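4 protein chains.
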Amino acid sequence: MSDSTEKNSLNNYLETQEFYSFRNDYSEGAHPNILNALLQTNFKQQNGYGTDDYSQKAIELLRHKLQNANADIHFVSGGTQANLVVISSILRPYESVIAANTGHIHVHETGAVEATGHKINVVDSKDGKLTPKNIQRVLEEHTDEHMVKPRMVFISNSTEIGTIYKKKELEELFCFCKSNGLLLYLDGARLASALSSQESDLSLPDLSKLVDVFYIGGTKNGALLGEAIVINNDALKLNFRFHLKQKGALLAKGRLLGLQFIELFKENLYFNLAKHANLMAFKLSETIEGLGYKFLTHSSTNQIFPILPNKVIEQLSKKYLFYIWSKIDGEMSAIRLVTSWATEEYAVDSFIKDLESF
Amino acid sequence: MSDSTEKNSLNNYLETQEFYSFRNDYSEGAHPNILNALLQTNFKQQNGYGTDDYSQKAIELLRHKLQNANADIHFVSGGTQANLVVISSILRPYESVIAANTGHIHVHETGAVEATGHKINVVDSKDGKLTPKNIQRVLEEHTDEHMVKPRMVFISNSTEIGTIYKKKELEELFCFCKSNGLLLYLDGARLASALSSQESDLSLPDLSKLVDVFYIGGTKNGALLGEAIVINNDALKLNFRFHLKQKGALLAKGRLLGLQFIELFKENLYFNLAKHANLMAFKLSETIEGLGYKFLTHSSTNQIFPILPNKVIEQLSKKYLFYIWSKIDGEMSAIRLVTSWATEEYAVDSFIKDLESF
Amino acid sequence: MSDSTEKNSLNNYLETQEFYSFRNDYSEGAHPNILNALLQTNFKQQNGYGTDDYSQKAIELLRHKLQNANADIHFVSGGTQANLVVISSILRPYESVIAANTGHIHVHETGAVEATGHKINVVDSKDGKLTPKNIQRVLEEHTDEHMVKPRMVFISNSTEIGTIYKKKELEELFCFCKSNGLLLYLDGARLASALSSQESDLSLPDLSKLVDVFYIGGTKNGALLGEAIVINNDALKLNFRFHLKQKGALLAKGRLLGLQFIELFKENLYFNLAKHANLMAFKLSETIEGLGYKFLTHSSTNQIFPILPNKVIEQLSKKYLFYIWSKIDGEMSAIRLVTSWATEEYAVDSFIKDLESF
Amino acid sequence: MSDSTEKNSLNNYLETQEFYSFRNDYSEGAHPNILNALLQTNFKQQNGYGTDDYSQKAIELLRHKLQNANADIHFVSGGTQANLVVISSILRPYESVIAANTGHIHVHETGAVEATGHKINVVDSKDGKLTPKNIQRVLEEHTDEHMVKPRMVFISNSTEIGTIYKKKELEELFCFCKSNGLLLYLDGARLASALSSQESDLSLPDLSKLVDVFYIGGTKNGALLGEAIVINNDALKLNFRFHLKQKGALLAKGRLLGLQFIELFKENLYFNLAKHANLMAFKLSETIEGLGYKFLTHSSTNQIFPILPNKVIEQLSKKYLFYIWSKIDGEMSAIRLVTSWATEEYAVDSFIKDLESF
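Those protein sequence lines, which keep their order, are chains C, Y, B and F. Under my numbering, the residue at position 125 of the first sequence is numbered 118, and the numbers go up by one with no gaps. Under my numbering, the residue at position 25 of the second sequence is numbered 18, and the numbers go up by one with no gaps. Under my numbering, the residue at position 306 of the third sequence is numbered 299, and the numbers go up by one with no gaps. Under my numbering, the residue at position 47 of the fourth sequence is numbered 40, and the numbers go up by one with no gaps.
Please note: incorrect hints may appear among the correct ones.
[Claimed, not checked] Okay, derived cross-link-like pairs now, DSS-like style, lysine-lysine, Cα gap no bigger than 25 Å in a straight line:
{"#": "1", "chain 1": "C", "residue 1": "K126", "chain 2": "B", "residue 2": "K119"}
{"#": "2", "chain 1": "B", "residue 1": "K142", "chain 2": "Y", "residue 2": "K230"}
{"#": "3", "chain 1": "C", "residue 1": "K119", "chain 2": "B", "residue 2": "K126"}
{"#": "4", "chain 1": "F", "residue 1": "K142", "chain 2": "F", "residue 2": "K171"}
{"#": "5", "chain 1": "C", "residue 1": "K268", "chain 2": "Y", "residue 2": "K37"}
{"#": "6", "chain 1": "B", "residue 1": "K126", "chain 2": "C", "residue 2": "K320"}
{"#": "7", "chain 1": "Y", "residue 1": "K58", "chain 2": "Y", "residue 2": "K160"}
{"#": "8", "chain 1": "F", "residue 1": "K142", "chain 2": "Y", "residue 2": "K320"}
{"#": "9", "chain 1": "F", "residue 1": "K230", "chain 2": "C", "residue 2": "K230"}
{"#": "10", "chain 1": "Y", "residue 1": "K268", "chain 2": "C", "residue 2": "K37"}
{"#": "11", "chain 1": "Y", "residue 1": "K320", "chain 2": "F", "residue 2": "K126"}
{"#": "12", "chain 1": "Y", "residue 1": "K126", "chain 2": "F", "residue 2": "K119"}
{"#": "13", "chain 1": "C", "residue 1": "K276", "chain 2": "Y", "residue 2": "K37"}
{"#": "14", "chain 1": "Y", "residue 1": "K312", "chain 2": "C", "residue 2": "K37"}
{"#": "15", "chain 1": "F", "residue 1": "K311", "chain 2": "F", "residue 2": "K346"}
{"#": "16", "chain 1": "C", "residue 1": "K37", "chain 2": "Y", "residue 2": "K311"}
{"#": "17", "chain 1": "B", "residue 1": "K312", "chain 2": "F", "residue 2": "K37"}
{"#": "18", "chain 1": "C", "residue 1": "K37", "chain 2": "Y", "residue 2": "K346"}
{"#": "19", "chain 1": "F", "residue 1": "K37", "chain 2": "B", "residue 2": "K311"}
{"#": "20", "chain 1": "F", "residue 1": "K142", "chain 2": "C", "residue 2": "K230"}
{"#": "21", "chain 1": "F", "residue 1": "K311", "chain 2": "B", "residue 2": "K37"}
{"#": "22", "chain 1": "Y", "residue 1": "K119", "chain 2": "F", "residue 2": "K119"}
For the record, the hints were derived by calculation from the structure and aren't laboratory data. As the structure is a prediction and not an experimental result, all values here were calculated from the model.
Produce the complete structure using the sequences and hints provided.
What follows is the structure in structure tokens.
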């Protein structure tokens, strides 16, 4: 290839696009406000590794929104990174973390938690959620020094299969954890969608009181990258930046993370984006339900899992990208449709129209 | 603080700036071409985790520039992350990596390599470089299974103290490594500055032949974040993406990394930026030398370490930011001045003028 | 306490013993031949760390018995140590090991495998054994770099619940592993009992052909301590002693391990001891079955799991030590009875008589 | 080889021995009292994993000797195992341990400490000992989260090169540690020889007050195997058995360890054995000094490092086994001579006579 051909081909960023993707909520770049802020601040000199003005401002802003002036807040670049740093920072070598069988750390992080030395105690859960009852069983099975000692409970909100925790459920879980010497950690990769769900009665400040640590996901809700780890429990705050650096999680230009969280939270952008995503999912699920199809789980968030005939799925696959989640029987499969802050309503309408026409 | 005050303060990104910083090469954002490319491609839907079109194009482009069609290339978010993933992906549990006492992995990465289970064999080196001779001594000291087995050699170009490897030095080192069953890894956080140095006789394609693995640093040469790991040695390529995912190094929006490397390499931007940084450093060092001051090391790159009277340093500190590197004696100290792609010539001129006036 | 009181109390090793224990197969010391050999060789000077004459002779002897002159053999002090060293020596960081839910590494080793960085993929199994079918399912679920890569299969013979593998089962398993790029590892903590079972058609030489690595358990069959790791697969032999040393598994006086394996294998002691243990278990189970009781699993080895009325268990507990394994219902529980090389027949007879009398 | 030949060769434990070894202090088996105790207690049924009566008695006995009723005491099988379990049980992931360049954990444990994730900060030391001054320098170099945080100080008594700590030195070190938030750990592989040295003013009870953790070495002073870890600092005691089990350090027949420490400590055997070893070393060094030779270090323990002409070394090598430690110049080398509880005086006399004759 000659250099000039190369240049032409590379400059041509906007190629033909044949499919519309409902595969995930990170298919597009970032909300324009974020890119605009990057441009606006680009040549301002800043300290490195998260000690810049923007990160400091973002921390203050989040503390304000969380109504928790003592929260320890750190920005990292992704969810797996957040999970492995948080979990390994807390557990002693022989301690384990309890998670649902659908939990992201158990299934989809290439053994990142085990790679830091810790076992995951897996609990079967149909709706992706943990309850005092199924945690209790794990505790009863771990009785002495020949077994790991469960010390942390890992939950996701929304869960990996679209469900959410109600406030009462979270209160009971946290209370159970405190009574049993367990720490509660919430993976908030899709926290925006969960809290913005019509069925949610949880608020951001509630999380300051009902979990020991959690993270506020940016990547899947309009940021280029970035998750904000929030440590409520004082005992877990010590020297957290050492853990971040050791695991390669401190960005030299930490400003990039701080800036984005300022944009997402200085007004209500973070929740507005999630509301749009949820609305698009709701439009899809309402129609699908109206057509008489069932769902794998009940979801009020931006991931839905309709069960469709394989023939219909085949037709849809010609125009739309999505994952086939699981086989139901010889004729039906569950698919996963994910909407996002950037999902265009025309695409949803088109999907609906196509589905109705089959 | 009321919400409206908060908002005003947060929107006001451009505050008064009193100091000009020569502290590092990551004080500013990114080269405008990069931000522009982000804007231009923002709503194009892409696959996640580095399987997007931009990352694929960036890989092809880099292979072309490296003249190595078989290079395995992966983008990560920072240097510590690159180092820990590469090193832990290669070494068996009992194997170690040899590094200079100034080596970044030894001093400034919070034990990231040891945290993956591997010892660093440290070699004292005045100029920050390793030679067959000092590696040979490490090999001779490690004779049986009661000691780790050195397996990898870690070098940086430019080194952490501004020096560079000449082609002949790298050839001898690689040849020695191959004769002794060692793998050679080059940390290229500041590779652009090294290769663009007036004293360098190394080219990018040379690195395809003279090291087993290296990374091309983006963060310190105009990117928002991003380093390109290049694996030349076929034996080290297997399943590398598993390592990346496990260590939290796969960004969901990998497009962000791919896009930046396209911008840096589609024309000559990467090296042009480094040339500017080197030129600014050269201007500083030429003047400093002219004033009769000495340097801690001989540097032809963007980091210089002049030895100045403490009184002069105190005066300079009122207008400029930089690190005091080491005490020389009661009256003199070495400082580190770092220039970058974004260093403005007026600031260099101002620094020079001030220095000449003391 | 005065020194003289102390001395008296300590010298009095043979105290009153009220209970007879069927708790495990490591309640007594070692077979007298072993103690005798220790006495006989005590002042012979030997090299350290397993390079002594006795260890070398034991290795030759085992190779002879295994009919495998190329087997790589190493002695360690216990089963958990054997498991963690073998597994961590073989797997690359992102690779996992498949085990039954009853597998010792999953349940009873305090996360030792995870502490070396590796996930265990757990398979539910009623009889404690793995089959190609249930391994196949694990493989199907692990499709890309977001998940660990299963690489090793861990089985125990006899299993943790007393069952054994037949030759055909092991052949099928090994064949399946080879067809799927998996390594087969057999935990032989109770290998003697398994191979000596009346129902077993497996021989020691068979294991040279049907697994990649295994260990021959000494601790639970008459040794003071000691397991012999046998590596059949050439690819897994490299530098194994480095792994041993790093994990604290090389005894300075390795002679202690070598000597014991000479005693166990120079004639047929190893299998004779196991036959006694099995016979004692058989006597127990035959009677228990005759009394109309059922068992949790079918066992032809030295661990049996009869299901008895809680009232009977309570009575037995006044004279015998054993573990209550699991509740069956409100009235019945399964207990574990373990016999050993040292179990005295009078104790078995007494247990039987007591049981018949309730 | 036929089975009968095999048997004959294996039964013949007492072969011709041509060399007398001064290589180490673990060339022989165990003190006869220990073997006798094993025989005497062999068929007594005991609980497993260190919960047996003998281990409990040994713990009580050691607490009595240490004059520390609250000491937490655990028996393990070797020094590397003791070191890796203790260190990894205490340090958080980003914390490091400071050791002398001669320290066993740095040089001779195949990176066992790093394999648990922790960096060793190495301090150059001519006499193998650490002082507040050289530790202070390490602390000053570690200033922020880009570096590990030194948290523990590792010392050996006697050191790996035969020197010992005086009470005042240890007091100063411990005081310095306490003032600087550091934990002091003492490797007592050769503690018996150190405390029994004519030059030592330290007692066993002193160690209850002057270190946070230490271990009392058995393997190198008459035991078959076994070290007693003693935890003085309450903060370090929690759940220590979990660490032991996870690292494969809990022996099923823990009785083997407990029994040996009873024998060593119920009267004064432990120190009597060390006195003999020291006396044999003293006889050697007195003669060597008398002949006008110098030593690499000043040693009053059972390891001495005389500097001899290479020609003399060559002659001695025909009858005695020992390590050549280091080259001094073209004509002279330092050798290491180690005596033990089992060193026979006739061998020392013979060595002396031979040396005098050259």
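**Prompt:** Which numbered hints does this structure break?
**Reply:** none
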